[in-house]
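> All residue numbers for the sequence shown refer to this note's numbering, where the first residue is 25 and numbers rise by one.
The set of hints was computed from the structure by calculation and includes no laboratory data.
Note that beta-carbon positions come from the ideal geometry of N, C-alpha and C, so glycine has one too.
Incorrect hints may have been included.
As the list claims (entries may be wrong) - Listed next, the in silico SDA-like pairs over lysine to any residue satisfying Cα-Cα at most 25 Å (straight line):
#, residue 1, residue 2
1, LYS83, LYS54
2, LYS98, ALA65
3, LYS103, GLY154
4, LYS103, ASP117
5, LYS103, ALA74
6, LYS83, LEU110
7, LYS54, ARG64
8, LYS155, LEU96
9, LYS103, GLN29
Stated by the list, open to error - Derived CB-CB ranges, DEER-like:
#, residue 1, residue 2, range
10, PHE62, TYR129, 37 to 43 Å
11, PHE58, ASP81, 31 to 37 Å
12, ASP77, GLY97, 33 to 39 Å
13, TRP69, PRO153, 33 to 39 Å
14, ASP49, LEU124, 30 to 36 Å
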Amino acid sequence: MSDDQALFDKGLPIRRAVLGPEYVDSSMAKADEFMMSFQRATTAWAWGWAWGDATLDRKTRSLLNLAMLTALGKIPEVKLHVKGALNNGITVDEIKATLLHATAYCGIPAGLDAFKAAHEVLIAEGAIPGKK
Numbered sequence: 025m026s027d028d029q030a031l032f033d034k035g036l037p038i039r040r041a042v043l044g045p046e047y048v049d050s051s052m053a054k055a056d057e058f059m060m061s062f063q064r065a066t067t068a069w070a071w072g073w074a075w076g077d078a079t080l081d082r083k084t085r086s087l088l089n090l091a092m093l094t095a096l097g098k099i100p101e102v103k104l105h106v107k108g109a110l111n112n113g114i115t116v117d118e119i120k121a122t123l124l125h126a127t128a129y130c131g132i133p134a135g136l137d138a139f140k141a142a143h144e145v146l147i148a149e150g151a152i153p154g155k156k
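All chains, please: the whole structure from these sequences, using the hints.
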C-alpha cells in the first residue's frame with residue numbers, strides 16, 4: 025500500500041467523525057475524476073497526516089482551525105469547522121473565546137465575519153437559540 029493510500033485510509037474516518045459523514049460522503053460522491061484528486065489529497069494530507077497525528081487532541085485542533093480560518097477570512101470553512109468543533113465537544117463559550125482571541129490578533133472585520141458565520145451555524149445546530 026502506498027503512503028498516500030495509508031494516509032487516506034487513516035484520514036477518512038477522522039474527517040467523517042469531525043465534519044460529519046453526510047458532508048464527507050456527499051463531497052466524495054459529487055467528485056468527478058478531476059475533483060477526486062483534491063478529495064484524496066485533502067483526506068490524506070489534512071486528515072490523515074495532520075489530524076491523524078496524536079500529539080494534539082481533536083478539541084485543540086478544532087480551536088486552532090477556527091482561529092486560522094478566521095485569520096485567513098475563509099468563512100465557508102469557518103462554518104464547516106464550527107460544526108466540526110461542536111462534534112469534537114467544544115462548547116459555545118470555547119468557540120466564542122477562540123473567535124474573540126482571533127479577533128484581537130486578526131482585526132475586527134475578520135472577527136465579525138467569523139462571528140456571523142459561527143452564529144449562523146450555532147443556531148442551525150441548536151447550540152444557541154435564535155433570536156425571534
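> So which hints don't hold here, by number, going up?
Hints 1, 8, 9, 10 and 12 not satisfied by this model.
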